[in-house]
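As given, the protein sequences belong to chains A and B, one line each in that order. Residue 1 is where the first sequence starts when you use our numbering, and the numbers rise one by one after that. Residue 1001 is where the second sequence starts when you use our numbering, and the numbers rise one by one after that.
Rather than coming from a laboratory, the hints here were simulated on the basis of the structure. Because the structure is a prediction, the values reported are computed rather than measured. Quick reminder that beta carbons are idealized off the backbone N, C-alpha and C, glycines included.
Here chain B is said to cover these stretches of chain A; the calculated rule only asks that three of the stretch's residues, wherever they fall, bring their Cβ under 8 Å from a Cβ of chain B: (1) 42-56; (2) 72-81; (3) 86-93.
Derived DMTMM-like pairs: lysine to aspartate or glutamate, alpha-carbon spacing no greater than 20 Å straight-line: (4) A/188 with A/109; (5) B/1166 with A/109; (6) B/1164 with A/98; (7) A/75 with B/1179.
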Amino acid sequence: MATGLNVKNLKVAYGNIEAVHGVSFDVKEGEIVTLIGANGAGKSTILRAVSGMIPIKEGSIEFDGTLTDRLPSHKVTQLGMAHVPEGRGIFTRMSVLDNLKVGAYQRNDKQGIQTDLEMVFELFPRLAERSQQLGGTLSGGEQQMLAVGRALMTGASMLLLDEPSMGLAPVLVESIFEVCIDIREQGKTILLVEQNAAMALAIADRGYVLETGNIALSGQADYLANHPEVSKAYLGGDIA
Amino acid sequence: MDLFFQTLVNGLLIGGIYIAVAAGFTLCFGVLHVIDFAVGEWVMLGAFAVFWLNFFTGVDPLIFLPLIMVLFMIVGYYFQPLLQRVITNQQSNALLMALAFTFGMSILFRGSALTLFGFNQRSLTTFLSGKNFEILGISIPALRFGATVFAVLVTLLFMFLLYKTKLGLAVRAAAERQDVAGLMGIDSSNIARIVYAIYLGLTAMSGTFLGSIFSVHPDMGLRYTLFAFFVVVAGGLGSIQGAILAGIMLGLINSFVAVYVGGQYIFLILFTVLYLILLVAPKGILGKGW
Ligand SMILES: Nc1ncnc2c1ncn2[C@@H]1O[C@H](COP(=O)(O)OP(=O)(O)OP(=O)(O)O)[C@@H](O)[C@H]1O
Ligand SMILES: [Mg+2]
Chain A
1 MATGLNVKNL
11 KVAYGNIEAV
21 HGVSFDVKEG
31 EIVTLIGANG
41 AGKSTILRAV
51 SGMIPIKEGS
61 IEFDGTLTDR
71 LPSHKVTQLG
81 MAHVPEGRGI
91 FTRMSVLDNL
101 KVGAYQRNDK
111 QGIQTDLEMV
121 FELFPRLAER
131 SQQLGGTLSG
141 GEQQMLAVGR
151 ALMTGASMLL
161 LDEPSMGLAP
171 VLVESIFEVC
181 IDIREQGKTI
191 LLVEQNAAMA
201 LAIADRGYVL
211 ETGNIALSGQ
221 ADYLANHPEV
231 SKAYLGGDIA
Chain B
1001 MDLFFQTLVN
1011 GLLIGGIYIA
1021 VAAGFTLCFG
1031 VLHVIDFAVG
1041 EWVMLGAFAV
1051 FWLNFFTGVD
1061 PLIFLPLIMV
1071 LFMIVGYYFQ
1081 PLLQRVITNQ
1091 QSNALLMALA
1101 FTFGMSILFR
1111 GSALTLFGFN
1121 QRSLTTFLSG
1131 KNFEILGISI
1141 PALRFGATVF
1151 AVLVTLLFMF
1161 LLYKTKLGLA
1171 VRAAAERQDV
1181 AGLMGIDSSN
1191 IARIVYAIYL
1201 GLTAMSGTFL
1211 GSIFSVHPDM
1221 GLRYTLFAFF
1231 VVVAGGLGSI
1241 QGAILAGIML
1251 GLINSFVAVY
1261 VGGQYIFLIL
1271 FTVLYLILLV
1281 APKGILGKGW
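The shape of chain B in the complex, shown without the other chains (with noise of 0.2 Å):
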């Protein structure tokens, strides 16, 4: 039974991290339109980012998150437009074709941080790794922990934006109608800029966690870019409560597999789960947007 609950907390614990990226990636997703493949590898860049800062100036990794959450935000709002060239060039087929450059990105940016940094695994080391502390006869690690509180404040505060300010509310007319957005005096595009650019600066804030957590290495991306296909589909397309719902449902499974089963297993149940949901619930665990 202790490992029954120790499972659960450390599921709970990793399903913390991933609704950060899960919640940024569907929002990207409702307003743009576009699955971004390279998800992953945004991560994985804002691992080596705060790899790069912590080994050249010795401060705790931690310390850079809003540094991080800054530069990527830059780095997606002056990016954006690229990627809106490549969908609205071809109207024909719009979400072919963000899938195929988006892909062609997420193997620029492996085969690019392979070749500079090579296939070491790096370690990040943060003030909390290492640490433990028990409640109840469970120990919890407390990078993990601190990285789920700060990923539920982080997505908190993502939500309110959403829910309860200006932004928001054009977001979410943009993510609906694009067209009629536009005839209420809405930017779309600029919108639509705003939101990549909270994409990258949470995924990359994630990926600093993730980095610390287990290791820094140019292929780490991959394995996140299926995830974040299982939170969105799962979750339902475009919905973020959903996709948040379906964050942890991947922590808990991932765990459970882990400890039950075996990890080499992990994408197979995954997918299995996925296809099960799909058939229960063609629109997602939430299937009704937002």
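So that you can see chain A by itself, here it is in the shape it has in the complex (with noise of 0.2 Å):
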């Protein structure tokens, strides 16, 4: 059985306007890939179509050995994708600790839950002291490690983060990108969309550049780093 993402030939469109032109990727089990690419490029509508959350217009999406691009997002999540989505969609109007059950929601395994509860806490000690707080008074930053958090709690295999780093102080960016290797320790795969193209590429394995709906470049993460187009258009100039 294949285990992974496997993406083929994917093709998404809004109402008529294709976004994303048939994108190939993959990305293997325990891996941590990138996806980088401007404004626009389609980086979130690519993780939206690989959760479920919007369907597909061609091409196919594989998960673990199951075919995933007709199913409705609670199935994939069922199937052990956790998709921490673009804005972090947390429950304004819960608690912080219920944003946590909300998602655990599908699992049955209580052992499992309390386990999985303790290590976000873990990672994040700062969810713990506020656990009685409501998620919609959380300071962005907060708000984003209950993101991360939650999706964690889903017991998921694989991760699909969309700009964790988005409005963090430079301390927190580090610290998000510290707690994505940790999360990759555990055994966790990690697709990882970064406008921070700098530090996705430091801590991912592979990653793919994307233009306007298009995958302009792709390989290992030093190669890309050390690209002078990536690193024109994404790096903010000359690193050499």
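If you follow the hints, you should be able to join the two separate chains into one complex; please do so.
Here it is in structure tokens:
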């Protein structure tokens, strides 16, 4: 059985406008793979299609050996994929603890849920301190932690992270990337979308560069990090 | 002074019945984003269902409450996908489509009831009808008291379901962000069906009480639709606690207007109050949602 994520010739459209024009990529079990690209390149659209939030127009998506491209998002989640959407999607009217409990909604292993809750609180002690606070009253950074923590509570084997460092102070950006490494060490697979290409490539194994709905470049993370076009467009100038 | 307290008690007792309708209607709006214009007709259908059950069996109407609940929950569960289709097919203006659709439903239900049952007002007699008891010189009608106790219990149960159970967690999640709820493994379309089912169950049960306190006739619904609008808007769209408060307020206004002003002015006064509430608190009494 093939494991990990395998996307072939994916096309996604909003109404009549195609945003992703036939993209193929894969993420193997235990890898961190990053998708980088300018604003509007189609990164979030790809994640939404993979997690079943939006329908696809063409192509196939296979996750851990199951074709998921026609499944609604709740079914994809049940297969072990967790998507931290752009903008975090915190339940603002629920407490931090309830947000985490919603993450574990489709699980029945009480023991496992408890273990994961402790794991999340260890990863983000701030969430433990504020477990009774309403999600909507958390700071932006805390909400980001909650979004990642909630995704971990689903017990997923694969995480799709959409710009987890967005809007965070530099110190927090670093700790979010450290968390990614921690998560991978637990044996989980990560597909990471980032504006912060330098950081993303520093922790990723491989990467894909997306340009207006097409993959322009792909390869090992250090290959991309040293590629002149990547450094010019996404890393803010020459690195050499 | 006696009249004042009597009016107060009557108002609280009527308001008590409204809270069950208010809670269900608000949840329906919160999760489905549908303002069900036919809410009053569901009250009417609940009342008629009991009327005919009672007519053919002779068993006390109140005994049928659980049956009515289950019956209308089933109707709601299977009816909701139809409503859903109307909303999702016309994504451009879902709220308006839902309003038009449920408005059409209300006309259809009322018209059919008129054709089938005629204009007659029918009365429903329960074992509590016509009985009174006195506390501190205030006379309390047993039926209204029973209805209020029942509505409060059902509403408490409903709140427990919403805030203390796993299903409730999923409902609250789907109410706030359907898309994200999906990412948490929640089947939002099924949640919507369950919510609509609960709402219809609560509404039809209240119909049983309202039908036996007042009377059963095909035109009885419109009044409750307007009441439901009042409760939901005054309470803060989607706030269940707000709706419950507004329900009690509605009962009090009803009762005081009837005694001190005259029943014919009820809607005038009600919507003036609503206007004033919205002027002071545009998000409703407790407009912080849930
Ligand atoms: N709901 C939508 N309806 C219509 N068009 C959309 C919608 N969402 C995205 N698009 C369009 O699809 C294209 C890709 O958008 P997408 O959000 O995937 O970009 P992105 O790579 O995530 O960008 P960013 O880095 O700014 O988040 C854009 O041209 C965008 O305008
Ligand atoms: Mg994006």
